[in-house]
Amino acid sequence: MTDTPQRPPAAPWIMRTYSGHSTAKASNELYRTNLAKGQTGLSIAFDLPTQTGYDPDSPMAKGEVGKVGVPISHLGDMRTLLDGIPPGRMNTSMTINAPAAWLLALYVANAEEQGVESRELRGTTQNDIVKEYLSRGTYIFPPEPSRRLIVDMISWCSEHAPLWNPMNVCSYHLQEAGATPVQELAYSLATAVGVLDAVRDSGQVAPERFDQVFGSISFFVNAGIRFIEEICKLRAFGVLWERIGRDRYGVSDPKALRFRYGVQVNSLGLTEAQPENNVQRIVLEMLAVTLSKSARARSIQLPAWNEALGLPRPWDQQWSLRMQQVLAYESDLLEYDDIFDGSHVVEGRTADLVDAAQAELDDIIARGGAFAEVDSLKAGLVASMARRTRRIESGEQVVVGVNRFTESEPSPLGGEGAILRVDPTVEAEAVASIAAWRANRDQAAVDAALADLRRAAAEGDNVMPASIVLAKAGGTTGEWGAVMREVFGEYRGPTGVAGATGAGATGRHDGGETLEQVADWVRTIDGGPPKLLVAKPGLDGHSNGAEQIAVAARDAGMEVVYSGIRVTSEQIAASARDEDPDVIGLSILSGAHLDVVPDVLAELARHGVDAPVIVGGIIPEDDRPRLVDAGVAAVYTPKDFDLARIMREIAGLAVKRRSGQE
Numbered sequence: 001m002t003d004t005p006q007r008p009p010a011a012p013w014i015m016r017t018y019s020g021h022s023t024a025k026a027s028n029e030l031y032r033t034n035l036a037k038g039q040t041g042l043s044i045a046f047d048l049p050t051q052t053g054y055d056p057d058s059p060m061a062k063g064e065v066g067k068v069g070v071p072i073s074h075l076g077d078m079r080t081l082l083d084g085i086p087p088g089r090m091n092t093s094m095t096i097n098a099p100a101a102w103l104l105a106l107y108v109a110n111a112e113e114q115g116v117e118s119r120e121l122r123g124t125t126q127n128d129i130v131k132e133y134l135s136r137g138t139y140i141f142p143p144e145p146s147r148r149l150i151v152d153m154i155s156w157c158s159e160h161a162p163l164w165n166p167m168n169v170c171s172y173h174l175q176e177a178g179a180t181p182v183q184e185l186a187y188s189l190a191t192a193v194g195v196l197d198a199v200r201d202s203g204q205v206a207p208e209r210f211d212q213v214f215g216s217i218s219f220f221v222n223a224g225i226r227f228i229e230e231i232c233k234l235r236a237f238g239v240l241w242e243r244i245g246r247d248r249y250g251v252s253d254p255k256a257l258r259f260r261y262g263v264q265v266n267s268l269g270l271t272e273a274q275p276e277n278n279v280q281r282i283v284l285e286m287l288a289v290t291l292s293k294s295a296r297a298r299s300i301q302l303p304a305w306n307e308a309l310g311l312p313r314p315w316d317q318q319w320s321l322r323m324q325q326v327l328a329y330e331s332d333l334l335e336y337d338d339i340f341d342g343s344h345v346v347e348g349r350t351a352d353l354v355d356a357a358q359a360e361l362d363d364i365i366a367r368g369g370a371f372a373e374v375d376s377l378k379a380g381l382v383a384s385m386a387r388r389t390r391r392i393e394s395g396e397q398v399v400v401g402v403n404r405f406t407e408s409e410p411s412p413l414g415g416e417g418a419i420l421r422v423d424p425t426v427e428a429e430a431v432a433s434i435a436a437w438r439a440n441r442d443q444a445a446v447d448a449a450l451a452d453l454r455r456a457a458a459e460g461d462n463v464m465p466a467s468i469v470l471a472k473a474g475g476t477t478g479e480w481g482a483v484m485r486e487v488f489g490e491y492r493g494p495t496g497v498a499g500a501t502g503a504g505a506t507g508r509h510d511g512g513e514t515l516e517q518v519a520d521w522v523r524t525i526d527g528g529p530p531k532l533l534v535a536k537p538g539l540d541g542h543s544n545g546a547e548q549i550a551v552a553a554r555d556a557g558m559e560v561v562y563s564g565i566r567v568t569s570e571q572i573a574a575s576a577r578d579e580d581p582d583v584i585g586l587s588i589l590s591g592a593h594l595d596v597v598p599d600v601l602a603e604l605a606r607h608g609v610d611a612p613v614i615v616g617g618i619i620p621e622d623d624r625p626r627l628v629d630a631g632v633a634a635v636y637t638p639k640d641f642d643l644a645r646i647m648r649e650i651a652g653l654a655v656k657r658r659s660g661q662e
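For the sequence shown, position 555 (counting from the first letter as 1) is numbered 555 according to my numbering, and the numbering increases by one without interruption.
If you are wondering where the hints come from, they were derived from the structure by calculation, not from laboratory data. Since the model is a prediction, treat every value here as computed from it, not as a measurement. Some hints here could point you the wrong way.
Unchecked claim - Label-pair ranges, simulated between beta-carbon atoms:
1) Ala10 to Glu208: 30 to 36 Å
2) Ser563 to Glu621: 29 to 35 Å
3) Thr406 to Trp315: 25 to 31 Å
4) Val398 to Ala36: 38 to 44 Å
Stated by the list, open to error - Derived SDA-like pairs (lysine to any residue); straight-line CA-CA distance at most 20 Å:
5) Lys531 to Lys472
6) Lys531 to Glu559
7) Lys37 to Trp319
8) Lys472 to Arg226
9) Lys639 to Ala351
10) Lys255 to Gly215
11) Lys255 to Ile244
12) Lys37 to Tyr329
13) Lys656 to Pro529
14) Lys472 to Ala435
15) Lys255 to Glu159
16) Lys472 to Ala456
17) Lys531 to Leu601
18) Lys293 to Asp211
19) Lys25 to Ser433
20) Lys293 to Ser343
21) Lys293 to Arg226
22) Lys639 to Asn277
23) Lys293 to Arg260
24) Lys255 to Arg122
25) Lys25 to Lys37
26) Lys25 to Pro86
27) Lys293 to Ser331
28) Lys255 to Pro162
29) Lys531 to Asp610
30) Lys293 to Ile365
31) Lys255 to Arg226
32) Lys293 to Pro254
33) Lys472 to Asp211
34) Lys293 to Arg258
Using N, Cα and C, we set each Cβ at its ideal position, and we do this for glycine too.
All chains, full assembly: derive it from the sequences and hints.
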């Protein structure tokens, strides 16, 4: 036997870690450290005030500054964030949506200061607003003006930044919200069609440039633990995207027709219980987006093993980066063509997904498209997530370390310092910093730029040129956001809870209580069914947990009040005063619980509300007693998957309150 000569390996994908926290300076240090370790692209995580168009000194930003990303309020912050990172040579992904035009304007202004023209810039703005309505919650404006902003960005980039991806259609967050592979395919492709139709009809792009526009649309995809199905889903994406390009838009350039996507593998499946198991989950999910050459990701960012606990440390991000490097440089993966071509299993499952997703996509388009069907799509996702949750609760869907194989040795990876905590002084420093920025700028130039932006938005001109002028003049994220809110108004997205049906009844493999049994008991409670007020204070828009608690409480026979995301402490207290709930549930996943919960409790007391308060979310274990000491009746985290137990405990709190036993 002779040795088969090795084929020179293909170039690997762009390797990223999704990161940013505290301040622009701290995040810049992290980026430069990661690049020195072999990371080949940036993926910027912005904090929630930035993502929702507020400055750090806005009352809406309280407790949220620097928690889940980096605050970027003006051109000075962008300079600091990217100091020493050449914009002409870096491929930068920015997870920004509603204010994407503004952050791109800051990025362009910073590059031009360094002598780099916008035509040289490579990177991506996420900018998929439909998935924000459906899953992630950092929307600001109603659907139509939101789409208009995306169209303006695509049109501007086609002429001035042709190497930039102005929209990144995100099926990732749909899967995080419970989407099946068919829903993930159909909903995201329907969003892309809705935007591309609007670009075509806007008159801003000449027909001969439409191939380039189509080719500039990239995707950000999720890869879950169902390894084979995920490979097939990604191959199906490629088939359907090429079909849409050829049949709907007449695109003929083979390069423009390629399905180009980046990926962060599944965070939904990461567990707080036995978090070390997340390492093998991440590796398997990475393989799903790399093994099939014809459907291989163009860029990959992996979560860290401890992201279900809180912010990962630099060492944790390094571990995830090394996973990619071992696969790309030590294995022989990149030396072969697609190893799944000709596989009856893979090709058969891919064809099934293509047919089912095409049917779902055709139905959405026939009903008016993704932008018109936000309510029904949201209800579909909430229902899918409810079915997933019930499968885990019943044991039908096994999650190792959570509902099976729960015996565990103490982990050497835990303990003090296992997650990164944002310094509590960061917010005050950011408030002082933006005050100094405003005091030292040319206010007349800012006022003139704001007036021009307001005019462009109101009269239908492309907002990108005016946004860039405002960025150079020293305008801020909050000022840009305020003008857009003034012109376009704000939007409250659907919760999907009322329309979520079909969760179904399931038995328990462990013989435990079911929701149906809890409902039987609830019907016997004196005074009628308990009333649960579910609320999401702060800017955190990840509402999956709140929605599933609301659906489960309804299915357990309780009366549920839930008005959606981003409600203030004052609004929660006023609702509690008017609704007189038996129990109030707060959902917080941004790490702002130690700031937000005391505010809510104080407002409840001021309004004379005495209902017990429970809190759910990403709550580190050593924060639990602090919340209890503050007056919280119970704390639930992702490891509390037993909804029936939670519902009985909530109903039990209601019984105690009614009987005066609190």
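Hint check:
no.	hint	in the structure
1	Ala10 to Glu208: 30 to 36 Å	32 Å, holds
2	Ser563 to Glu621: 29 to 35 Å	30 Å, holds
3	Thr406 to Trp315: 25 to 31 Å	27 Å, holds
4	Val398 to Ala36: 38 to 44 Å	40 Å, holds
5	Lys531 to Lys472	52 Å, violated
6	Lys531 to Glu559	5 Å, holds
7	Lys37 to Trp319	11 Å, holds
8	Lys472 to Arg226	47 Å, violated
9	Lys639 to Ala351	36 Å, violated
10	Lys255 to Gly215	7 Å, holds
11	Lys255 to Ile244	14 Å, holds
12	Lys37 to Tyr329	14 Å, holds
13	Lys656 to Pro529	13 Å, holds
14	Lys472 to Ala435	18 Å, holds
15	Lys255 to Glu159	19 Å, holds
16	Lys472 to Ala456	17 Å, holds
17	Lys531 to Leu601	18 Å, holds
18	Lys293 to Asp211	24 Å, violated
19	Lys25 to Ser433	12 Å, holds
20	Lys293 to Ser343	14 Å, holds
21	Lys293 to Arg226	18 Å, holds
22	Lys639 to Asn277	14 Å, holds
23	Lys293 to Arg260	12 Å, holds
24	Lys255 to Arg122	17 Å, holds
25	Lys25 to Lys37	19 Å, holds
26	Lys25 to Pro86	16 Å, holds
27	Lys293 to Ser331	14 Å, holds
28	Lys255 to Pro162	14 Å, holds
29	Lys531 to Asp610	14 Å, holds
30	Lys293 to Ile365	31 Å, violated
31	Lys255 to Arg226	30 Å, violated
32	Lys293 to Pro254	17 Å, holds
33	Lys472 to Asp211	32 Å, violated
34	Lys293 to Arg258	13 Å, holds
Consistency note: the structure conflicts with the earlier hints numbered 5, 8, 9, 18, 30, 31, 33.
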